[in-house]
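Listed below, chain by chain, are the residues.
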Amino acid sequence: MTNKLAVPGPSGDLTTDTTTAGRGKRPRPPFGVSVVSIIAVLIALFSLVPLAYVVFMTASTGWDTAMALIFRPRVGELLLNTVLLTVVTVPLCLVLGVGGAWLVERTSLVGRKWWAVLLAAPLAIPAFVNSYAWVSAVPSLGGLWSGVLIATLSYFPLVYIPAAATLSRLDPAIEQSAASLGLGAWRAFFRVVLPQLRIAMTGGGLLVALHLLAEYGAFAMIRFDTFTTAIMVQYQSTFNGTAGNMLASVLVFLCLILLLVEVRSRGSARYARIGSGAQARALRLPLHAYQLPAQLSLIALTGLAFGLPLTFVLRWIVAGGPEIWAAEEFMPALLQTLAYGLAAAVATTVVAFPMAYLAVRRPGWFSKSLELSNYITSSMPGIVVGLAFVTVSIRMVPSMYQTSALLIAAYVLLFLPRALVNIRSGLSQAPKELDEAAQVLGKPPLLAFLRVTLRLTAPAAAGGAALVFLGIVNELTATLLLSPNGTRTLATEFWSKSSEIDYAGAAPYALLMILISAPMTYLLFQQSKKVAGQ
Amino acid sequence: MTDVYPSREAPSRLPEPRVAASVATSTNSHLEIDAVTKNFGPQAVLKGVNLSVAKGGTTAIVGPSGSGKTTLLRLIAGFEHPDTGSISLNGSKVAGENAWVPAHKRHVGYVAQDGALFPHLTVGQNISFGLDATQLPGGRRGVKSRVGELLEMVSLDPAMAKRRPHQLSGGQQQRVALARALARKPALMLLDEPFSALDAGLRVATRRAVAQVLKDAGVTTILVTHDQAEALSFADQVAVMRGGKLAQIGNPFVVYTRPADRATAEFLGDAVILDAWMEGSLATCSLGGIPVRRPPAQGRVQLMLRPEQIRISEDGPIRGTVVDTDYFGPETTVRLQLPVPPVLAAGAIPDHRYPGGGEIITIRHWNASIARPGTELRLRVVGEAVAFPMDEQP
Numbered sequence: 000m001t002n003k004l005a006v007p008g009p010s011g012d013l014t015t016d017t018t019t020a021g022r023g024k025r026p027r028p029p030f031g032v033s034v035v036s037i038i039a040v041l042i043a044l045f046s047l048v049p050l051a052y053v054v055f056m057t058a059s060t061g062w063d064t065a066m067a068l069i070f071r072p073r074v075g076e077l078l079l080n081t082v083l084l085t086v087v088t089v090p091l092c093l094v095l096g097v098g099g100a101w102l103v104e105r106t107s108l109v110g111r112k113w114w115a116v117l118l119a120a121p122l123a124i125p126a127f128v129n130s131y132a133w134v135s136a137v138p139s140l141g142g143l144w145s146g147v148l149i150a151t152l153s154y155f156p157l158v159y160i161p162a163a164a165t166l167s168r169l170d171p172a173i174e175q176s177a178a179s180l181g182l183g184a185w186r187a188f189f190r191v192v193l194p195q196l197r198i199a200m201t202g203g204g205l206l207v208a209l210h211l212l213a214e215y216g217a218f219a220m221i222r223f224d225t226f227t228t229a230i231m232v233q234y235q236s237t238f239n240g241t242a243g244n245m246l247a248s249v250l251v252f253l254c255l256i257l258l259l260v261e262v263r264s265r266g267s268a269r270y271a272r273i274g275s276g277a278q279a280r281a282l283r284l285p286l287h288a289y290q291l292p293a294q295l296s297l298i299a300l301t302g303l304a305f306g307l308p309l310t311f312v313l314r315w316i317v318a319g320g321p322e323i324w325a326a327e328e329f330m331p332a333l334l335q336t337l338a339y340g341l342a343a344a345v346a347t348t349v350v351a352f353p354m355a356y357l358a359v360r361r362p363g364w365f366s367k368s369l370e371l372s373n374y375i376t377s378s379m380p381g382i383v384v385g386l387a388f389v390t391v392s393i394r395m396v397p398s399m400y401q402t403s404a405l406l407i408a409a410y411v412l413l414f415l416p417r418a419l420v421n422i423r424s425g426l427s428q429a430p431k432e433l434d435e436a437a438q439v440l441g442k443p444p445l446l447a448f449l450r451v452t453l454r455l456t457a458p459a460a461a462g463g464a465a466l467v468f469l470g471i472v473n474e475l476t477a478t479l480l481l482s483p484n485g486t487r488t489l490a491t492e493f494w495s496k497s498s499e500i501d502y503a504g505a506a507p508y509a510l511l512m513i514l515i516s517a518p519m520t521y522l523l524f525q526q527s528k529k530v531a532g533q
Numbered sequence: 000m001t002d003v004y005p006s007r008e009a010p011s012r013l014p015e016p017r018v019a020a021s022v023a024t025s026t027n028s029h030l031e032i033d034a035v036t037k038n039f040g041p042q043a044v045l046k047g048v049n050l051s052v053a054k055g056g057t058t059a060i061v062g063p064s065g066s067g068k069t070t071l072l073r074l075i076a077g078f079e080h081p082d083t084g085s086i087s088l089n090g091s092k093v094a095g096e097n098a099w100v101p102a103h104k105r106h107v108g109y110v111a112q113d114g115a116l117f118p119h120l121t122v123g124q125n126i127s128f129g130l131d132a133t134q135l136p137g138g139r140r141g142v143k144s145r146v147g148e149l150l151e152m153v154s155l156d157p158a159m160a161k162r163r164p165h166q167l168s169g170g171q172q173q174r175v176a177l178a179r180a181l182a183r184k185p186a187l188m189l190l191d192e193p194f195s196a197l198d199a200g201l202r203v204a205t206r207r208a209v210a211q212v213l214k215d216a217g218v219t220t221i222l223v224t225h226d227q228a229e230a231l232s233f234a235d236q237v238a239v240m241r242g243g244k245l246a247q248i249g250n251p252f253v254v255y256t257r258p259a260d261r262a263t264a265e266f267l268g269d270a271v272i273l274d275a276w277m278e279g280s281l282a283t284c285s286l287g288g289i290p291v292r293r294p295p296a297q298g299r300v301q302l303m304l305r306p307e308q309i310r311i312s313e314d315g316p317i318r319g320t321v322v323d324t325d326y327f328g329p330e331t332t333v334r335l336q337l338p339v340p341p342v343l344a345a346g347a348i349p350d351h352r353y354p355g356g357g358e359i360i361t362i363r364h365w366n367a368s369i370a371r372p373g374t375e376l377r378l379r380v381v382g383e384a385v386a387f388p389m390d391e392q393p
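Just so you know, the sequences run in chain order G and F. Just so we're aligned: 222 in numbering that gives the first Met the number 0 is position 223 of the first sequence, and the numbers increase by one with no gaps anywhere. Just so we're aligned: 53 in numbering that gives the first Met the number 0 is position 54 of the second sequence, and the numbers increase by one with no gaps anywhere.
Everything labelled a hint here was simulated from the structure, so no lab data went into it. Quantities reported herein were computed from a predicted structural model and do not represent experimental measurements. Ideal Cβ positions, reconstructed from N, Cα and C, are used throughout, including at glycine. It is possible that part of the hints are untrue.
Said to hold, decoys possible - With a straight-line Cα cutoff of 25 Å, these simulated PhoX-like cross-link-like pairs (lysine-lysine) come out: (1) F:Lys54 to G:Lys431; (2) F:Lys46 to G:Lys442; (3) F:Lys104 to G:Lys528; (4) F:Lys184 to G:Lys431; (5) F:Lys92 to G:Lys442; (6) G:Lys442 to F:Lys184; (7) G:Lys442 to F:Lys244.
As the list claims (entries may be wrong) - Calculated Cβ distances over 10 Å to all of chain G for the following chain F residues: (8) Val107; (9) Ala182; (10) Gly287.
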């Protein structure tokens with residue numbers, strides 16, 4: 000049977016080496032995977048531009064200058080502010096997010112279907128709009144605790160959504176096992192349920208922390224200084240000063256530390272459901288006497304996070320009267336926002352596809368390293384991406400500076416991770432066996448790919464594109480740095496009006512952003528339920 | 000073989016000369032696999048496979064998981080390239096040196112383990128996926144009637160064409176997958192463990208139905224399975240795969256009753272293995288003297304019997320003591336200890352003519368009540384045994 004010499008062929012030596020044998024003219028690897036790989040590498044390299052920029056700037060500044068600019072009281076002050084903000088806000092978001100998710104998913108909370116959506120709703124209000132509403136309500140707001148208040152109310156849904164999704168997917172049998180082993184409801188929650196939420200909590204916590212580091216508008220409005228606001232001030236005064244660059248490198252360093260903390264605390268245990276069979280329905284803990292306190296605290300939370308900002312936006316609109324609705328002012332902003340949002344959402348989806356394809360269909364060290372580069376990119380704050388693109392374009396391709404193409408490229412980079420996650424889960428719903436089935440039924444590979452894989456991935460890709468769109472509508476920092484002269488998006492218009500203390504004039508833009516974001520937030524909430532557990 | 004492959008002699012694709020009886024008898028070879036190897040990275044998955052499949056025949060490739068059988072099927076379908084060797088369909092090379100026909104041009108049918116139905120299409124759209132409406136008489140209506148025909152062929156209600164795959168049971172999904180593969184009237188059908196996801200009862204029924212449909216359509220069929228009973232009942236040629244090679248090819252009866260080696264014997268079913276002494280064509284062991292056809296060696300050998308060859312009978316010449324039993328309903332598994340020959344029991348030096356003694360063997364019987372532990376039963380051996388040389392270890 001091992002008679003390899005029986006193989007006829009012009010090149011007999013090929014039979015000696017079985018690994019390279021007979022490659023010849025054969026199309027391998029199949030169906031343009033090498034082309035896809037090259038594209039994916041180019042995208043990954045492109046996505047590492049901000050990091051490379053920061054490293055290059057720090058290295059080229061010179062040791063002494065860098066040290067002098069990094070180790071100074073101002074940086075210490077910013078560091079203290081940023082660290083305090085993070086260590087106070089993240090635990091608060093975790094408590095509110097997990098607590099809310101538990102009430103909605105595991106107790107006899109009255110009206111839990113409504114609460115489930117309402118707790119995610121604050122995400123439809125951009126943090127800087129939230130800040131604007133709070134400043135309108137309490138003009139004396141300022142400093143760390145105001146920052147904590149606004150950030151917590153804006154970002155706790157980032158923990159709530161994954162926690163609720165995980166809880167709804169969590170097999171109640173493990174809680175029942177805990178009960179049968181003699182654990183009461185509280186002990187079962189802390190010893191069995193909470194550990195299962197670890198991925199949701201570390202992932203959500205990381206997201207909150209990264210938002211805290213990257214947020215500009217919300218903190219600038221209440222005059223609370225973080226690295227991002229300080230870099231923006233530096234940029235506006237000296238355009239591209241070394242001091243601002245050094246602040247950016249400290250900021251990037253903090254982001255990378257956060258990634259490391261998340262990787263470490265995520266652990267490697269398996270949390271998927273083990274075993275087969277249908278999942279039982281969850282038993283809900285009766286709240287009895289706690290029903291009223293639970294309802295009151297949820298009313299207070301959603302009232303402060305969603306009701307108050309919405310109320311104040313509407314109050315400014317009423318106060319502003321009809322003259323704030325000058326169509327020639329807000330229509331261009333609305334149209335430009337929609338145009339940028341659509342163009343960048345499509346571009347991001349197209350760019351994310353090759354990377355997602357490799358991650359799902361060709362897992363290995365290569366796609367792992369692409370994922371890693373994407374993970375790092377996902378932590379880059381908008382201000383750093385903006386700075387990097389401004390500098391790189393001025394130095395290397397001046398004709399690109401202040402073009403809409405550059406702004407769209409920055410959007411692609413900032414929101415690539417959102418699209419990637421969605422397309423990846425969509426692609427895993429379209430196994431390659433289906434592609435092969437189409438081929439064996441006589442469809443050429445490209446046609447099979449279009450009619451089966453692409454078709455099956457389309458809904459997930461559309462969902463990802465919608466989330467990218469949501470991000471772009473509410474993006475302020477990078478847009479301020481990169482937008483071409485005369486560009487007015489809803490966010491930048493809102494910002495310039497509210498910076499001039501024209502709160503009534505800013506209100507229509509705030510309302511439009513909320514109206515556009517609301518359905519997208521609902522979509523995000525719906526999607527999280529499907530993706531959880533994967 | 001004379002008209003298509005005059006140069007290829009049958010023995011070249013047989014593992015051992017002594018199973019020459021198991022050659023495919025057809026003279027018309029449909030699929031010819033010649034010395035095919037395949038590596039995935041450093042791992043050699045196929046180490047030189049030769050297989051010939053007759054036109055209209057059914058072949059089962061059976062082997063434990065990881066033996067390379069699915070890889071072989073994927074090579075035939077055109078999803079993978081062989082590293083060396085060649086594959087020919089109807090005498091023309093589809094893979095090998097300087098030859099490559101992609102999957103969509105091979106015109107073979109393929110049914111995957113889970114059916115691989117397209118979830119975004121209805122049952123009817125799935126079935127007509129490979130059909131070209133312009134090639135059928137009657138255009139769209141022609142497609143519709145062909146879909147109905149195909150659904151009937153696999154014993155499904157034509158009204159099911161409007162349903163979605165997820166609304167069907169596992170067995171129905173497999174039938175739709177088969178109908179979809181049959182739609183293009185392939186001459187060769189590849190089945191990759193299509194029944195393994197089904198539960199036991201449905202499995203047998205679906206297997207029978209599929210076999211009948213394929214036989215009626217006269218389609219050459221290759222089934223890959225790890226289930227030896229499925230392989231033996233489905234095919235008229237069984238190829239046993241182990242460690243990336245075909246250990247034996249032959250008709251089901253031959254590979255089961257006269258396996259080429261001990262590992263094949265144990266893979267295809269329960270086997271009683273005893274040390275024996277071979278003289279001429281008679282082997283002596285703890286069960287007495289048993290005839291062996293075509294013994295591979297003389298002297299010490301290992302003897303293989305199927306449990307059903309050892310019967311409990313009142314006038315049997317051999318005695319065995321019941322150790323324990325396992326009740327399964329229709330039959331009982333009985334473990335018996337065979338006697339130690341008197342000469343050995345007396346403390347004599349072991350005699351080469353009595354290599355065994357005291358072994359525990361497992362047989363089956365329908366009557367649970369006769370076999371209480373400690374009972375002595377009388378046994379009779381029916382038919383011939385198979386002998387393997389001593390150096391063969393499983």
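Practice task
Find the hints from earlier in the document that the structure breaks and name them by number, from lowest to highest.
Solution key: Violated hints (numbers, rising): 1, 2, 3, 7, 8, 9; every other hint is consistent with the structure.
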